[in-house]
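Participant: Sequence:
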Amino acid sequence: MKNITWEEWQHDKLLMGLTIALLIAFAAVLIMSIVVFVVYVKTSWIERENSKNVTGGDLARTILNEEGMSDVEIKPSYFYAKYWNHSKRKKTFRLRPWTVNRRSIWTMTEAAQQTVVSTWRRKKGRMGTAFTIFRIPTILSVISVILSIGTLIYVYLKFRTGDGLAINSSEGKKTIAILIIAFTVIATLTAWADVMKLSIIRKHVTPILQKQGFTEKEMRLFKLIYTSRLILAIAIALYNTIRLMLQIAASTKGEGGNK
8 MKNITWEEWQ
18 HDKLLMGLTI
28 ALLIAFAAVL
38 IMSIVVFVVY
48 VKTSWIEREN
58 SKNVTGGDLA
68 RTILNEEGMS
78 DVEIKPSYFY
88 AKYWNHSKRK
98 KTFRLRPWTV
108 NRRSIWTMTE
118 AAQQTVVSTW
128 RRKKGRMGTA
138 FTIFRIPTIL
148 SVISVILSIG
158 TLIYVYLKFR
168 TGDGLAINSS
178 EGKKTIAILI
188 IAFTVIATLT
198 AWADVMKLSI
208 IRKHVTPILQ
218 KQGFTEKEMR
228 LFKLIYTSRL
238 ILAIAIALYN
248 TIRLMLQIAA
258 STKGEGGNK
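To convert a position in the sequence shown, counted from 1, into my numbering, add 7.
Worth flagging that the hints you see were computed from the coordinates, not collected in a lab. Being a predicted model, the structure only gives us computed values, none of them experimental. Just so you know, even glycine gets a beta-carbon here, dropped at the ideal spot from N, CA and C.
Label-pair restraints from in silico Cβ distances: (1) I183 <-> R227: 45 to 51 Å; (2) I146 <-> R227: 33 to 39 Å; (3) F86 <-> K20: 49 to 55 Å; (4) D78 <-> I183: 49 to 55 Å.
Required output: the full structure, derived from the provided sequences and hints.
Facilitator: This is the structure:
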C-alpha cells in the first residue's frame with residue numbers, strides 16, 4: 008500500500024471534496040454539542056422544578072400504570088444499559104437514582120423516554136419493531152469491544168512469535184487500514200441507529216409528556232431537548248459516514264499506487 012502525499016491529496020478532487028465535507032461535518036458536531044450542552048444546563052440546572060412537582064420516578068410510575076404495569080417496581084440503580092432496564096421475570100424497572108429523585112425538565116425527558124420505550128417490549132407490531140431498534144447500538148458496542156479484544160490478541164501474538172507487526176510493510180499497512188475501517192463502520196452504524204432511536208423517541212414520547220398536563224413552556228423545552236439531540240445525532244452520523252468514505256477512498260488510492 009502506497010502512502011499518499013499531501014500534494015497528491017490536494018490534486019485529487021474526490022479526496023479534497025471529502026476532506027472539506029468532513030471538516031464541515033466536524034464543525035456541525037462541535038456547534039451542536041455546544042447547543043445540547045447549553046440546553047442541558049438550562050433544563051437540568053436552571054429549570055430544576057416542573058409545574059407538576061413530580062420526580063422522574065413519579066412520572067415513570069404514572070406511565071407504567073397507564074400501560075397496565077402497576078405491578079412493576081421502580082428500583083434506583085447505577086448499573087444497567089439504557090432501554091434494557093425492565094425485567095419481566097423480576098417485575099422491576101430500573102432508573103438512575105438522580106432520574107428517580109430529581110424534578111428538572113431534562114429529568115422528565117429521560118424518565119419518560121426510558122419508561123415509554125420499556126413498555127414497547129411487551130407490544131407487537133410497529134412498537135415492538137421500534138423497541139428492537141434500541142437494541143442495535145448496544146449490540147454494535149459489544150461487537151466493537153470484541154473487535155478491540157481481537158486486535159489486542161493479534162498484536163500480542165505477533166510480538167510474542169517475533170514476527171512483529173511490520174507496520175511499514177504492505178501487509179502491515181493493509182491490516183491497520185482494514186481495522187480502522189472496521190471500527191469506523193461500527194461507529195457509523197451505531198450513529199445512524201442513534202438517529203433512528205432519537206427520531207422515534209421525539210415522535211412517540213413527546214405526545215405522552217403532553218398527556219401528563221405539563222405547561223406549553225415545558226412542552227417547548229421538551230421538544231427543544233429532543234430536537235437538539237436529534238440534530239446532534241444526525242451531525243455525528245454524517246461525520247462518521249463521510250469519514251468512512253474518506254478512509255475507503257484513501258485506501259483505494261493507496262492500493263492503486265502499487266499497481
